[in-house]
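For the protein sequence lines, the chains are A, B and C, in the order given.
According to our numbering, the first sequence is numbered sequentially starting from 726.
According to our numbering, the second sequence is numbered sequentially starting from 3.
According to our numbering, the third sequence is numbered sequentially starting from 43.
Hints were generated in silico from the structure; no laboratory data involved.
Be a bit skeptical, because a hint or two may be false.
Result set (SDA-like, lysine to any residue): computed pairs, CA atoms no more than 20 angstroms apart in a straight line [unchecked claim]:
1) A:Lys735 / C:Lys413
2) C:Lys488 / A:Glu737
3) C:Lys218 / C:Asp203
4) C:Lys49 / B:His85
5) C:Lys113 / B:Asp64
6) C:Lys397 / C:Gln386
7) C:Lys113 / B:Lys46
8) A:Lys739 / C:Glu505
9) C:Lys397 / C:Asn328
10) A:Lys735 / C:Trp493
11) C:Lys350 / C:Asp412
12) B:Lys46 / C:Asp351
13) C:Lys413 / A:Glu737
14) C:Lys397 / C:Glu428
Since this is a predicted model, take the numbers as computed values, not measurements.
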Amino acid sequence: MSVNALYDYKFEPKDKVENFHGMQLLYVLWPNHLMFCSPFALLVQPDMTFRALVDEVLKPATASHPEAAKADFLGGEWLLNDEPFTPAPDASLKDNGIDHKSMLTVTTPGLDGLAGAGF
Amino acid sequence: MSQLVFIAFQDNDDSRYLAEAVMEDNPDAELQHQPAMIRIQAEKRLVINRETMEEKLGRDWDVQEMLINVISIGGNVDEDDDHFILEWK
Amino acid sequence: MVSKNKKLNLKDKYQYLTRDMAWEPTYQKKKDIFPDEDFEGIKITDWSQWEDPFRLTMDAYWKYQAEKEKKLYAIFDAFAQNNGHQNISDARYVNALKLFLTGVSPLEHAAFQGYSKVGRQFSGAGARVACQMQAIDELRHSQTQQHAMSHYNKHFNGLHDAAHMHDRVWFLSVPKSFFDDARTAGPFEFLTAISFSFEYVLTNLLFVPFMSGAAYNGDMATVTFGFSAQSDEARHMTLGLEVIKFILEQHEDNVPIVQRWIDKWFWRGFRLLSLVSMMMDYMLPNKVMSWSEAWEVYYEQNGGALFKDLERYGIRPPKYQDVANDAKHHLSHQLWSTFYQYSQATNFHTWIPGKEEMDWMSEKYPDTFDKYYRPRYEYWAKEHAEGRRFYNNTLPQLCQVCQVPTLFTEMGEPTRLSHRQMKYEGERYHFCSEACCDIFKHEPEKYIQAWLPVHQIYQGNCEGGDVETVVQKYYHIEVGVDNFEYIGSPDHKHWLSIKGKSFDSKAEKSEQDAA
Numbered sequence: 726m727s728v729n730a731l732y733d734y735k736f737e738p739k740d741k742v743e744n745f746h747g748m749q750l751l752y753v754l755w756p757n758h759l760m761f762c763s764p765f766a767l768l769v770q771p772d773m774t775f776r777a778l779v780d781e782v783l784k785p786a787t788a789s790h791p792e793a794a795k796a797d798f799l800g801g802e803w804l805l806n807d808e809p810f811t812p813a814p815d816a817s818l819k820d821n822g823i824d825h826k827s828m829l830t831v832t833t834p835g836l837d838g839l840a841g842a843g844f
Numbered sequence: 003m004s005q006l007v008f009i010a011f012q013d014n015d016d017s018r019y020l021a022e023a024v025m026e027d028n029p030d031a032e033l034q035h036q037p038a039m040i041r042i043q044a045e046k047r048l049v050i051n052r053e054t055m056e057e058k059l060g061r062d063w064d065v066q067e068m069l070i071n072v073i074s075i076g077g078n079v080d081e082d083d084d085h086f087i088l089e090w091k
Numbered sequence: 043m044v045s046k047n048k049k050l051n052l053k054d055k056y057q058y059l060t061r062d063m064a065w066e067p068t069y070q071k072k073k074d075i076f077p078d079e080d081f082e083g084i085k086i087t088d089w090s091q092w093e094d095p096f097r098l099t100m101d102a103y104w105k106y107q108a109e110k111e112k113k114l115y116a117i118f119d120a121f122a123q124n125n126g127h128q129n130i131s132d133a134r135y136v137n138a139l140k141l142f143l144t145g146v147s148p149l150e151h152a153a154f155q156g157y158s159k160v161g162r163q164f165s166g167a168g169a170r171v172a173c174q175m176q177a178i179d180e181l182r183h184s185q186t187q188q189h190a191m192s193h194y195n196k197h198f199n200g201l202h203d204a205a206h207m208h209d210r211v212w213f214l215s216v217p218k219s220f221f222d223d224a225r226t227a228g229p230f231e232f233l234t235a236i237s238f239s240f241e242y243v244l245t246n247l248l249f250v251p252f253m254s255g256a257a258y259n260g261d262m263a264t265v266t267f268g269f270s271a272q273s274d275e276a277r278h279m280t281l282g283l284e285v286i287k288f289i290l291e292q293h294e295d296n297v298p299i300v301q302r303w304i305d306k307w308f309w310r311g312f313r314l315l316s317l318v319s320m321m322m323d324y325m326l327p328n329k330v331m332s333w334s335e336a337w338e339v340y341y342e343q344n345g346g347a348l349f350k351d352l353e354r355y356g357i358r359p360p361k362y363q364d365v366a367n368d369a370k371h372h373l374s375h376q377l378w379s380t381f382y383q384y385s386q387a388t389n390f391h392t393w394i395p396g397k398e399e400m401d402w403m404s405e406k407y408p409d410t411f412d413k414y415y416r417p418r419y420e421y422w423a424k425e426h427a428e429g430r431r432f433y434n435n436t437l438p439q440l441c442q443v444c445q446v447p448t449l450f451t452e453m454g455e456p457t458r459l460s461h462r463q464m465k466y467e468g469e470r471y472h473f474c475s476e477a478c479c480d481i482f483k484h485e486p487e488k489y490i491q492a493w494l495p496v497h498q499i500y501q502g503n504c505e506g507g508d509v510e511t512v513v514q515k516y517y518h519i520e521v522g523v524d525n526f527e528y529i530g531s532p533d534h535k536h537w538l539s540i541k542g543k544s545f546d547s548k549a550e551k552s553e554q555d556a557a
């Protein structure tokens with residue numbers, strides 16, 4: 726559908742990858758850990774390795790959760806944009822097929838959050 | 003399903019007369035006191051009559067004076083010189 | 043008695059002073075004078091069918107509004123002269139006012155602009171007059187709210203730059219983008235959005251139980267501006283209902299257009315009011331009514347009666363109302379958890395509710411609070427006591443439409459986050475819900491331009507790359523004064539000194555637990 730307007734209504738998307746100065750956006754969700762209220766929004770380098778994403782970005786982001794130390798994220802079950810996904814840890818995000826504004830979901834079996842409340 | 007209309011007034015001197023008049027003219031209405039407000043609800047219809055209100059106040063009263071004390075309403079409004087009606091038809 | 047007979051009755055007076063003051067143009071085409079009336083596809087065949095049940099004319103309007111203002115300012119004066127801020131229940135309450143002043147009062151001003159615009163655009167005189175009166179009302183609300191809060195600004199932090207914050211701060215893009223969406227629509231959608239969906243269906247939730255709560259917490263200034271504003275609102279709500287009935291009666295082709303607007307604006311308003319849910323349950327130290335009770339009275343019961351009345355026009359209740367009804371058990375808790383963890387970037391403080399407050403919530407939310415939310419607070423309280431007050435140091439994903447972080451859970455699955463994504467013209471977009479995704483799909487060009495605060499920070503448009511710089515320099519939030527935890531904040535210490543106590547972190551902690 727299109728906008729009902731008084732003129733030809735056409736605009737550029739505000740968050741095109743060109744606007745991020747060589748970086749790109751990435752969202753990561755760790756289900757059952759609602760201590761973090763929503764998926765993380767991250768600014769990452771497309772040529773960063775997947776392993777570096779986990780070690781240098783995801784681990785610090787989740788560190789304050791008591792289950793984070795036990796979490797084997799690399800061995801977890803991953804989804805990329807809601808599709809099953811097997812990351813290649815030493816390949817870049819780009820080569821893993823992770824494009825701008827992609828969303829990763831990582832489930833860590835056995836870690837279901839605190840108090841049986843997915844927290 | 004029940005279909006309630008309601009009106010809420012600031013809890014002040016004018017409104018106490020208003021509430022009295024409303025309850026007299028709408029005996030099935032329910033009156034609730036909440037902090038700083040008086041809320042009255044009724045099934046389908048609620049009417050405020052100028053005549054009843056003038057009797058309570060002992061002076062002339064313009065239906066639109068009510069605008070000063072009303073907080074909120076629910077229902078279709080019908081207002082003229084003699085009454086203010088809230089209604090679901 | 044002769045003079046009494048000369049007086050016009052209400053109906054005649056309204057006719058003379060409204061319709062009969064208008065005229066049919068002769069040397070300009072009506073279409074050129076009112077060019078915005080057709081493009082939305084709404085068909086109006088006869089403007090004379092427009093009814094204003096209040097039949098308010100300009101002379102009566104001035105008279106009653108002046109009287110309302112006199113009463114209101116008498117109370118403001120008394121409140122200030124009496125140092126009313128010292129008699130509120132607790133200084134935590136003032137944080138609700140900080141959110142109100144930055145989130146709601148600027149919307150009153152946006153409404154003033156919106157109604158001024160549509161008050162020019164309709165070719166029907168009755169609709170123009172009603173919109174012009176409402177425009178003046180909205181300006182009054184914006185001003186009286188700022189006046190009422192200026193007293194608090196002298197004594198508490200975070201109230202010093204509301205208009206600036208409204209334009210920039212991350213969570214305030216929620217109310218701002220809501221109103222911008224409405225104001226950039228056509229005149230009929232604007233009225234359906236604001237007069238009907240927002241004013242008639244939803245604003246009672248803010249202005250009635252929350253304001254009653256303000257009174258219950260000793261804030262006579264706020265309850266008075268709230269109720270004074272709401273007394274205009276009764277007229278606005280009536281306008282909202284009349285607008286809908288009028289449009290629906292004019293032509294059957296209008297029904298599906300209006301239904302889609304109701305579906306959209308009910309949902310947009312519901313998402314916006316999620317902020318009010320936490321104001322009611324968490325920011326009023328003395329509780330009057332829970333969010334779920336207020337939702338039951340003011341939406342399920344009153345909204346139910348309303349939509350039953352509209353059935354005869356072929357209108358059904360809003361598409362996603364079941365999701366909203368289910369969310370009443372969770373909404374305030376999910377919002378408070380979010381603001382608790384991002385307090386480093388807010389102009390107000392957050393805290394863990396005291397024991398009595400949590401017991402109240404267990405009672406009000408028997409199926410959800412103890413199971414899902416109490417454990418959060420107990421865990422965070424323990425962390426805080428051990429010197430690790432929890433903050434989330436990574437920015438959240440935001441919904442492309444409502445701009446709230448994607449924090450809500452699926453209906454019936456309170457531990458599963460609700461999230462949708464889609465691609466449009468090669469770009470990916472993320473949403474908090476099916477409903478927001480639906481809104482996007484219908485008008486994607488409108489929402490691809492959204493100024494999402496998190497993305498703007500990452501693009502480098504907010505005067506800094508780290509949260510502290512953005513908060514201090516770009517938002518004008520004074521770091522260490524306006525933001526972070528309430529316990530031990532300057533406001534907290536100031537409140538203790540008003541009450542003749544001094545701040546002792548250990549003693550205060552146990553008092554908080556016992557409270």
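Hint check:
no. : hint                : in the structure
1   : A:Lys735 / C:Lys413 : 48 angstroms, violated
2   : C:Lys488 / A:Glu737 : 10 angstroms, holds
3   : C:Lys218 / C:Asp203 : 15 angstroms, holds
4   : C:Lys49 / B:His85   : 17 angstroms, holds
5   : C:Lys113 / B:Asp64  : 19 angstroms, holds
6   : C:Lys397 / C:Gln386 : 24 angstroms, violated
7   : C:Lys113 / B:Lys46  : 33 angstroms, violated
8   : A:Lys739 / C:Glu505 : 18 angstroms, holds
9   : C:Lys397 / C:Asn328 : 13 angstroms, holds
10  : A:Lys735 / C:Trp493 : 16 angstroms, holds
11  : C:Lys350 / C:Asp412 : 35 angstroms, violated
12  : B:Lys46 / C:Asp351  : 10 angstroms, holds
13  : C:Lys413 / A:Glu737 : 45 angstroms, violated
14  : C:Lys397 / C:Glu428 : 18 angstroms, holds
The structure is inconsistent with the numbered hints 1, 6, 7, 11, 13, although it conforms to all the rest.
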